[in-house]
Amino acid sequence: MNIAETIERLGALILERVFALGGFLLFLINALMYVFLPPYKPRLIIRQVRQIGADSMFLIILIAAFTGMVLGLQGYKTLSLFGSEGALGILVALALVRELGPVLAALMIAARAGSAMAAELGSMQATEQIDALTVMAINPVQYLVSPRIVAGIISFPLLTVIFDVVGIIGGYLVGVGLMGAPAGPYFNGIKANMGSHDIASTLYKSLVFGVVVMWVCCYKGYNAQRMATGVSRATTEAVVLSSVLVLAWDYFLTSILL
Amino acid sequence: MNQAQNGNPSSANAVEVRGLKKRFGRQQVLDGVDLDCPAQEITTIVGPSGEGKTVLLKHINLLLRPDAGTITIEGVEVTRLGALALNAVREKFGMLFQAGALFDSMTVFENVAFPLVEKTNLSVEEIAQRVHETLDAVGLQGMDTKFPSEISGGMQKRVALARALVRKPRILMLDEPTTGLDPTRTGAIHELIRNTQKNFGLSAVMVSHDVPAVFEISDRVAFIKQGKIRLYGTPAEVLAANDEVFDRFLKGRASGEDLEQTATA
Chain A
1 MNIAETIERL
11 GALILERVFA
21 LGGFLLFLIN
31 ALMYVFLPPY
41 KPRLIIRQVR
51 QIGADSMFLI
61 ILIAAFTGMV
71 LGLQGYKTLS
81 LFGSEGALGI
91 LVALALVREL
101 GPVLAALMIA
111 ARAGSAMAAE
121 LGSMQATEQI
131 DALTVMAINP
141 VQYLVSPRIV
151 AGIISFPLLT
161 VIFDVVGIIG
171 GYLVGVGLMG
181 APAGPYFNGI
191 KANMGSHDIA
201 STLYKSLVFG
211 VVVMWVCCYK
221 GYNAQRMATG
231 VSRATTEAVV
241 LSSVLVLAWD
251 YFLTSILL
Chain B
1 MNQAQNGNPS
11 SANAVEVRGL
21 KKRFGRQQVL
31 DGVDLDCPAQ
41 EITTIVGPSG
51 EGKTVLLKHI
61 NLLLRPDAGT
71 ITIEGVEVTR
81 LGALALNAVR
91 EKFGMLFQAG
101 ALFDSMTVFE
111 NVAFPLVEKT
121 NLSVEEIAQR
131 VHETLDAVGL
141 QGMDTKFPSE
151 ISGGMQKRVA
161 LARALVRKPR
171 ILMLDEPTTG
181 LDPTRTGAIH
191 ELIRNTQKNF
201 GLSAVMVSHD
211 VPAVFEISDR
221 VAFIKQGKIR
231 LYGTPAEVLA
241 ANDEVFDRFL
251 KGRASGEDLE
261 QTATA
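For the record, the sequence lines run as chains A and B.
Mapping to the working numbering: the first sequence position 16 is 16, numbers consecutive.
Mapping to the working numbering: the second sequence position 101 is 101, numbers consecutive.
Looking at chain A on its own, in the form it has when it is part of the complex (with noise of 0.2 Å):
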């Protein structure tokens, strides 16, 4: 292979990647515009709401329960050797809604609803389902992505705050009903010392981390390749790809709301 064929190949390599990402932007911007443009379909949007969301619940209840409740228990021990155990609700709060409660969440939910949406949008077009769609004047990005993207705006804060709510009580249970954490303290501490900017950067988190985990789901299940391996490939891909975005976009989004 001499150099120019090698100069040729890593600049196809690179344009091909440059593309790649600018279909992935372009992807949203797409959706994100069929949103504001007729026809509306709010049933599609209710339709996923309760696919992302309420079907997400038990699951997001279960892991904010054990998440407060290890919070409570080490909590205490680390507070217990300073004697501050009166803090403890404070610790459990904040952590939970400025960091946890956000991030934990989006995890779960790309895991369950992420990765049944790949799956989903990856066989249609696997099955030309969505070139079905195309054929009869239907536009797929308009029918499939934008009520997806739309309910995890939607779904997203709401599970985010169920989770926080569920992990402060967790919490509570553990520290203060197994451990013998002082009870009072446990609310009026974080009555006291929480802000309504934590919550924002809670609620700021969680929408990102809704449009986010929806597009990179659905953009992969969308460019899934037409075989079995596609769609398998596909799925795994959007788990990883939006846990790693999430990790990394709560780092810049906390680099910037602290």
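By construction, these hints were calculated from the structure, which means they are not laboratory data.
Watch out, some of these pointers could steer you wrong.
Below, in silico cross-link-like pairs of lysine to any residue (SDA-like), each with a Cα-Cα straight-line distance of 20 Å or less [as the list claims (entries may be wrong)]: (1) A:Lys-41 <-> B:Asn-121; (2) A:Lys-77 <-> A:Gly-184; (3) B:Lys-119 <-> A:Pro-140; (4) B:Lys-198 <-> B:Asp-182; (5) B:Lys-119 <-> A:Leu-44; (6) B:Lys-58 <-> A:Ile-138; (7) B:Lys-92 <-> A:Lys-41; (8) B:Lys-119 <-> A:Asp-131.
Here are the simulated distance ranges between beta carbons [claimed, not checked]: (9) A:Ala-248 <-> B:Val-124: 19 to 25 Å; (10) B:Thr-70 <-> A:Glu-99: 57 to 63 Å; (11) B:Ala-83 <-> A:Leu-247: 36 to 42 Å; (12) B:Ala-88 <-> A:Ile-46: 42 to 48 Å; (13) A:Phe-36 <-> B:Gly-50: 53 to 59 Å.
Some chain B residues near chain A, calculated using beta-carbon distances under 8 Å [said to hold, decoys possible]: (14) Asn-61; (15) Pro-66; (16) Met-95; (17) Phe-97; (18) Pro-115; (19) Leu-116; (20) Glu-118; (21) Thr-120; (22) Phe-147.
All values reported here derive from a predicted model rather than from experimental measurement.
Every residue gets a Cβ at the ideal spot worked out from N, C-alpha and C, and that includes glycine.
Put chain B on the given structure of chain A with help from the hints.
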């Protein structure tokens, strides 16, 4: 013979393709295709696997855009149209996909009703009536609440055909409608296509490798080879053309040679 090259009065053609070229990477899949699909007739595109049959159909149903050449659908040149104008042309289409492409999250009834629910303002009763009329026309009754996964391949094809017909299209496109069916069912689906085309007064463009069975229901046959239409005419004309490549293709189908070629390709 070769009416495509000589040209027909455009009013008589539902679809006219001229000089169509398409390249994927280094592969020139379509290399100057000329094709006429006369109105209210069945035009069947045949040819070996991987010679561009399906790609050609995907240009005619506007899923792909060509690199060069023109496609005229009922007098409208479509290769330069924008998204909205394209959708207006698509309103004329009914398309039967190779594997049916039924929505597997919906029942048979919902699948057939889907184009009406999404694209028209018909009432629930009117939609139900139209759906049942169309399902009757393809010979399916009492399947309304079944899901596509619960019915046989032949029935899925019928449902998909009903969905393609329910909005009373002007042009019906069929991508290998008999793939995966046994000879008896293949015959039944062919007969159904012929009858529907006559009863609905449709223009039909079909891709098939079911030769020579498909000739019985075709008004025109186009044989595609190496990205070009090599033979075109009525089935009798094409069979009588004594084209070496076409004869080998026919024999290959019969002896299964083609299968081996695809397997090693």
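- Query: Out of the numbered hints, which ones does the structure contradict?
  - Reply: 4, 7, 9, 12, 13, 15, 19, 21 and 22
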